[in-house]
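Colleague: Taking the hints as your guide, dock the two standalone chains into a single complex.
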Amino acid sequence: MKPTHQFLAEDTVAGYEHKTIIHGVSLSIPSNKISVIIGANACGKSTLLKTMARLIKPESGKITLDGKPIDKFAPKPLAKVLGLLPQSPIVPEGISVSDLIGRGRFPHQSWLGGWTKKDYEAVAEAMEIMKITELANRNIDELSGGQRQRVWIAMALAQQTDILFLDEPTTFLDITYQVEILDLLTDLNRKHGTTIVMVLHDINLSARYADYIFALREGKLLAEGEPSEVITSELIKDVFGLDSTVISDPVSGSPLIVPIGRHHVVK
Amino acid sequence: MNNLTTNNTIAYIMAGRRQRSRRYWGVTTVLAVISLLLCFLMLYFGNTIYSIDKIARVLGGEQIKGATFAIHTIRLPRMLAGLFAGFAFGVAGHIFQTMLRNPLANPNVLGITTGSSAAAVYCIVILHTSEAVVSVVSVAAGLVTVTLLYLLSRRRAFSIGRLILVGIGLDAMLSSVITYLLQKSASQDVPAAFRWLSGSLNGSKLEELPPLVITVLVLAPIILLLGKHLSLLELGEQSASSLGIHTDRTRIALILCSVCMIAMATATTGPIAFVSFLAGPIARRLVGVGHTNIIPAGLVGVILVLAADLIGQFAFETRFPVGVITGILGAPYLIFLLIRMNRKGDF
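Protein chains in written order, with full-length UniProt numbering: chain A, 1 to 267; chain B, 1 to 347.
Just chain B, with the same shape it has in the complex (with noise of 0.2 Å):
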């Protein structure tokens, strides 16, 4: 082989390398100035609105009338609810969307987030269990849908398009027994309950925040050691497989960790529609692919999150939950979706 050409090859692989990566490094950094612009507008925006510098006091720790409870006891909490559920929604989604080669393969559209919220509706105006419970319960249904959704799916060989029929058929099933448990329910039990069929970050408690901020900050590090796993179950299970990865662990591994944030950051704000749907699609639209864009998802989930909250809370009359203002920005991604795989014949 002759070296010189050699080091050519390589100076221009490295040249493309290097332009893909300042891309990835670029769209990164700018995404996440804009969660953290988010996040400031998240504390910064209310029926008061105070200085820069008396929310810089008050997050300090800083006793100030008025301006402590409105941050401290609503925005703050709001704001980290929004922040790590965005986040964990985001990744997980990417996770789904990406070890199934489809976005419609997504926790949201599969039911695994109304089995979530199923079992914490239940939890909540049934058996009055405390918030604790609640999360727990949510995430083993989590659990209990995924797999559900794989048994009733598997039959001989494994289809995508099968397992997101079963998963929308699922879907609508556990929706309505969401429902079904509302109309049951004791009227003073509806309010809590209610946040359950749409995602809303009203009334989020800095106390009922640690779960989830610990799961994220737990199983994140986790999924990204396994980015590269991920993106060689991307080239489908005999490359995966004959590459070197133990592909039945990684997979299982990857969807405990995505359950259990997805169905955490369910647990914490209720089911904030389409935004794992939405985060994956929209991050490699702006990244690129070879990547695993596991951070860019999550920070575009941060930024549906935060932005959709802002918009609901102030851009009209009527303040809407967040999850309406998501729904209505994902469905018609999910319509052209499905219209997209019906004609190539997916199902």
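Okay, chain A solo, but in the shape it has when bound (with noise of 0.2 Å):
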């Protein structure tokens, strides 16, 4: 199992050049369980993710992992506790998805040196969790996008981090990718205690698959906890600005939300 982490955001501010755009968020992530930041688009969800991990400056606030702040770390230590899996994912032309993974491995490599047999055994595990060992030495570029989501997570999966931050590792995907992606990353949860963090669009599937919600409005963290906890119509119409009606999801018994538009609502 994975040790435990303390990962904390205090205070933070953050955003790109002349746009703040996280306006003071404090959070601290649950270790070892599966969080998801939920909230309307342009809300930062994205950015708080980045932040989090280095990948933007804070303008101001501290962000920690184990009480030493993050900036403080080299960059490859971080890299052997911390992964991202980005939004957008760039893929280098014609390249094999085994080589491809392998990259996942640079934090735990000499500058120079070829691969070792732990970077075998890493990538070898890292696509047998995401199902794609048949895939090894085929090309990417003739891959689904299923499958080729499959294999960035596999590659964030070879770092072998305690953390991994993923950014909407299942936008642009039909619905059953979906929901195989989530299990597999659930599957990755429970079996090895890895901490995840993502953001997601999908509300309901967020409330099935999360441990833990961060709810976010316009840079704000509006409400966080279990999504039986959270997951209410007020809250609905808070961070989205949207009516609903909450029910018990018949197959998980989570939180399900069933919009209320203008149109097709019986009286």
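Source of the hints: derived by calculation from the structure; they are not laboratory data. Each hint can be trusted.
Computed cross-link-like contacts, DSSO-like style, restricted to lysine-lysine with a CA-CA straight-line distance of at most 30 Å: (1) B:K184 / B:K205; (2) A:K76 / B:K228; (3) B:K228 / A:K80.
Chain A is faced by these chain B residues, among others (derived, beta-carbon under 7 Å): (4) T6; (5) L232; (6) Q238; (7) S242; (8) L243; (9) G244; (10) I245; (11) H246.
Label pairs and their calculated CB-CB ranges: (12) B:T73 / A:E93: 39 to 47 Å; (13) A:G145 / B:G161: 22 to 30 Å; (14) A:A42 / B:V144: 38 to 46 Å; (15) A:K76 / B:T73: 50 to 58 Å.
The C-beta atom is built at its ideal place from N, Cα and C for all residues, glycine as well.
Modeller: As structure tokens, then:
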């Protein structure tokens, strides 16, 4: 099992050059659990994730991993603990699946040396978890969107970090693949204890797969807690500005949001 | 996890990697052999053809009437200039193309080479400085051009399409500076400055080569050391950064090394058109992706320069400088890429 870590953000303010997007967020990521950040478009979900992964330098506030500010870590040691799968990763044309996944081994490798036994094991294991072993020597250009996404996650898995951030890992995927990816990530969390933090678009899948929810609105943390506690029609109104009824998901027992629009409403 | 299946997976991955690695080394060896062969042909062909035995003896230091002069003063410097400049152009071009993930993003197309040339021509025809000063100034001018290019194309978000358009503009502007300087210059300076317009191995002198040779021998290993970093940069800023590299530092180090190599090569042979542009994509086609392809790109650069020079020297009634031949080869490919990029809507 992966060790526990304390990952904290305190009063974090962050954004891009002239635009502040995150206005003072403080949170503690539950270790060895799956957390999902939800919120409307442009509320700063991705920005928050990127700031916590040190891709964006916060304007103020403190982000610490086990008590040490993340900007005090050298890149490689941090990359051994914390991995991030960006929203739209860039694929080098024509690369093979196993070579690409192998690039996730960088923080564990020396500057020059080739693959060690550990590298092979990590890549093989990552491919097994993602169920893509038979794709190992295929060219990534030939894969479907769902397969590619699994390859990307496998690359992040090969990095063997204790904490894994994923920025919308299911976007652009068919519903079948969305569920499949989320199941695989849950396997990973349950079997290995990997702490997972992800941004998801689908609120109902979030409520089902998350152990813990962070709800953002306009760069501020509006609510947090277990889905069954925080997902209410009031919260959905606050976060998304949407009227809804929250019922119990007949499959999982988690909250299920049924939106109320202007049409198709039984009086 | 079932251990047996894990071992099977490992064996499967290993087999694929071994196959790709065999292809890499196979292709690299063939490229190296062709390069050596071309080096030999550069020494062999000329107004007089000497026997292999004679060439070997001359290279060994023996004085043979006629042969020593032809080989030591003309053919050897020409071959070495082509060898090192070709390698430098090939490697530097490949670094830019890989780092910026676009074959058009290349020192040649972006005006960096032309920036070096313009500064060199200025030194030669206006300031009349020594060769050493010309080298230093042209390296500095290459770096200034890169900085200018970066600043001009930055505006809010970085876009590769804008970078390329700005680069093409810079290139045109700097070319016109060169033409202007040549018009203004005294006629006796023109031949010396002329080779800055189209790269040429004519008149290469042994004593002018050390700066280029040293630059390549020092910087190429550094670039090779950064090979893995380069392959991560290829995955984009965010992935590279979360995999544990200092993206800015790595990029600056790679740009510095590439620009120094290319400017030094340009200072020695002039801008040999399109070599830095063609070498990387050709190497990639031959070797495949997954490897960093730095050495194959360098070797393809060598082959392009030496082969084009041999063609320019001996294939036609008139002798053409090497840059004319590579220009004829490269221009259609440039047009092809521009059309393809336009279709994909990258601009």
